[in-house]
Amino acid sequence: HAKIISKIQENQPAVLGELAIDTNKNRGEVQHQEIMHWDKPSGTRIEVSLNADYKRGKRFVYDYLQSTSIVNPHARIAFKEADGIEHVFERTADILPKKSEEIRPHPYGVELGTLIKMSKETKARKLASFLKNDFSSMGDRTADAVCDEAKLDRNLTPADMSREQFLLLHQAFKRVKIMAPPTECLSPIGETLIRRSLKSETQEISPEFIFTASRPVAVFSGNPFQVEVGIVYGGNLPKDKPVKILRFANRIPLLYQQGDCAITTAIASIDWRRYGLDQPSGTGIPIGPAIFLTHIASTQIPYTSESKEAIADVEEIENEIKLAFREVARKVQTHINKKVRRVKTREKFDLITKILPEIAKKSAHMLNKPIPSLEKVITRIMDVVWIEDIVEYEKVRGKPVQTKLDNANPSGQSDTK
Numbered sequence: 001h002a003k004i005i006s007k008i009q010e011n012q013p014a015v016l017g018e019l020a021i022d023t024n025k026n027r028g029e030v031q032h033q034e035i036m037h038w039d040k041p042s043g044t045r046i047e048v049s050l051n052a053d054y055k056r057g058k059r060f061v062y063d064y065l066q067s068t069s070i071v072n073p074h075a076r077i078a079f080k081e082a083d084g085i086e087h088v089f090e091r092t093a094d095i096l097p098k099k100s101e102e103i104r105p106h107p108y109g110v111e112l113g114t115l116i117k118m119s120k121e122t123k124a125r126k127l128a129s130f131l132k133n134d135f136s137s138m139g140d141r142t143a144d145a146v147c148d149e150a151k152l153d154r155n156l157t158p159a160d161m162s163r164e165q166f167l168l169l170h171q172a173f174k175r176v177k178i179m180a181p182p183t184e185c186l187s188p189i190g191e192t193l194i195r196r197s198l199k200s201e202t203q204e205i206s207p208e209f210i211f212t213a214s215r216p217v218a219v220f221s222g223n224p225f226q227v228e229v230g231i232v233y234g235g236n237l238p239k240d241k242p243v244k245i246l247r248f249a250n251r252i253p254l255l256y257q258q259g260d261c262a263i264t265t266a267i268a269s270i271d272w273r274r275y276g277l278d279q280p281s282g283t284g285i286p287i288g289p290a291i292f293l294t295h296i297a298s299t300q301i302p303y304t305s306e307s308k309e310a311i312a313d314v315e316e317i318e319n320e321i322k323l324a325f326r327e328v329a330r331k332v333q334t335h336i337n338k339k340v341r342r343v344k345t346r347e348k349f350d351l352i353t354k355i356l357p358e359i360a361k362k363s364a365h366m367l368n369k370p371i372p373s374l375e376k377v378i379t380r381i382m383d384v385v386w387i388e389d390i391v392e393y394e395k396v397r398g399k400p401v402q403t404k405l406d407n408a409n410p411s412g413q414s415d416t417k
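When you line the sequence shown up against the numbering used here, it's residues 1 to 417, in that order.
Treat the hints with caution; some may be incorrect.
Dumping the calculated BS3-like pairs for lysine-lysine here, alpha-carbon to alpha-carbon at most 27 angstroms [unchecked claim]:
id : residue 1 : residue 2
1  : K174      : K132
2  : K177      : K25
3  : K331      : K354
4  : K25       : K55
5  : K120      : K199
6  : K117      : K174
7  : K40       : K132
8  : K241      : K331
9  : K331      : K362
10 : K151      : K126
Pairwise CB distance ranges (calculated) [as the list claims (entries may be wrong)]:
id : residue 1 : residue 2 : range
11 : K241      : T44       : 26 to 32 angstroms
12 : I95       : S162      : 38 to 44 angstroms
13 : Y62       : D144      : 54 to 60 angstroms
14 : W38       : L96       : 32 to 38 angstroms
15 : I46       : S129      : 41 to 47 angstroms
16 : E164      : F209      : 38 to 44 angstroms
17 : I205      : W38       : 52 to 58 angstroms
18 : G284      : E81       : 16 to 22 angstroms
19 : E101      : D22       : 49 to 55 angstroms
20 : I46       : E101      : 35 to 41 angstroms
21 : A2        : E164      : 36 to 42 angstroms
22 : K123      : V15       : 19 to 25 angstroms
Calculated from the structure, these hints are not laboratory results.
Glycine is no exception: its CB is placed at the ideal position from the N, C-alpha and C atoms.
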């Protein structure tokens, strides 16, 4: 039971409503509604009473709200504990998420039973109309191609079709090239905002880098979905413990049942040793100073149970998660390799700057000549210039970018622009 106050404009009154949830139909029901005065210019206030053991769940409340702020960068969340301590998670973006729109099921991945059920409920009188009106990404040409591939008359009545005919239709979906589902139904966060949120929430850790990746829209059981991932690496994160995994579904944190989740399974199946992280057996959660974030946006999240704490093992979803993490892992590998090369280059530089001056000093003394300048010689021997991009995100529009050029020379000077 929730009490909600909403006001859309300063010159309009507020509306107070009491809302209950119909668990059978999974939708809200207004129990009471009235007009009231509210001294706020606009906004929404939600009050919900919960029975819970707060002492045992205190840490999880904070973790839940912190995680929620990461995947909802447009929101400012203030959390006041029972003892008066207040935590504020500031917004990192002033742009609201794009409103998602309802779409019809996509032919790819729709199950045979679902297809037969849809045919019994459709208002279409002909097979071609059924395909065009009850499925997304299906136009005249695609519907005709599916009917031709299945060798079915496009004027068949869907309700009168046999199971064998539906099986032919179901198989034809997989053989005909159909456009990807529209993305208007999904609400992805976006790589830039994920990176900005992670940067804001990990400031105390001082990570070395934050990499993100976003996969194209895919389909499972006729439902479109999109996978977004991010990796925070280095800084003060522990190097000898398993990486921390942050799981999200439609911007909602998943805190429990991590071991039973498809996200964890997908991460554990990757050989992270190839990308510079420790993984003793070649499988399982890697060990290293990193945080792994996964967000799945879908019209229907396949949870393992009604508690909605873990995502079921769906092959299409696991494959997309693995592809996304491999894309980010290659960036991690490049960074780690560059870091190792930089250490070796520094050791080489230190050795050269110790030996060459002594050789030049001895040679000059033997030839009774002045000691020559070695800056150009050392720079030519090192033959390396390090380029480092420094990006600072600000609340104002625009991103100031600094490029640091580090040229190996005895003075140790670098140029920043």
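Checklist line | Distance restraint evaluation - Y62, D144, Cβ atoms, bounds 54 to 60 angstroms | finding: holds, 57 angstroms
Next item on the list: Take a look at whether the Cβ-Cβ distance between K241 and T44 falls inside 26 to 32 angstroms.
Entry: violated, 40 angstroms
Check: Would you say the C-beta atoms of G284 and E81 sit inside 16 to 22 angstroms of each other?
Finding: violated, 36 angstroms
Margin query: The hint says 49 to 55 angstroms between E101 and D22; measuring C-beta to C-beta, is that right?
Written below: With Cβ atoms ~23 angstroms apart, the hint is violated.
Next item on the list: Given the hint that K117 pairs with K174, test it: the Cα-Cα distance must not exceed 27 angstroms.
Entry: The hint holds at about 19 angstroms.
Note to self: A range of 19 to 25 angstroms was offered for this pair. Does it hold for the Cβ distance of K123 and V15?
What the structure shows: violated, 36 angstroms
Notebook entry, point to check: Do the beta carbons of I46 and E101 sit within 35 to 41 angstroms of each other?
Noted result: violated, 24 angstroms
Next item on the list: Could you tell me whether the CB distance from A2 to E164 stays inside 36 to 42 angstroms?
Entry: For E164 against A2, whose Cβ atoms are near 50 angstroms apart, the range 36 to 42 angstroms is violated.
Check: Taking 52 to 58 angstroms as the hint, is the beta-carbon distance of I205 and W38 inside that range?
Finding: violated, 40 angstroms
Next item on the list: Take a quick look at whether K25 and K55 sit within 27 angstroms of each other, Cα to Cα.
Entry: With Cα atoms ~34 angstroms apart, K25 and K55 exceed 27 angstroms; violated.
Check: Has the hinted range 38 to 44 angstroms been met by the Cβ atoms of E164 and F209?
Finding: violated, 56 angstroms
Next item on the list: Compare the distance between the alpha carbons of K120 and K199 with 27 angstroms, and conclude whether the hinted pair is satisfied.
Entry: Answer violated: K120 to K199 is near 51 angstroms, above 27 angstroms.
The structure fails hints 2, 3, 4, 5, 7, 9, 11, 12, 14, 16, 17, 18, 19, 20, 21 and 22 (numbered hints given earlier, in ascending order).
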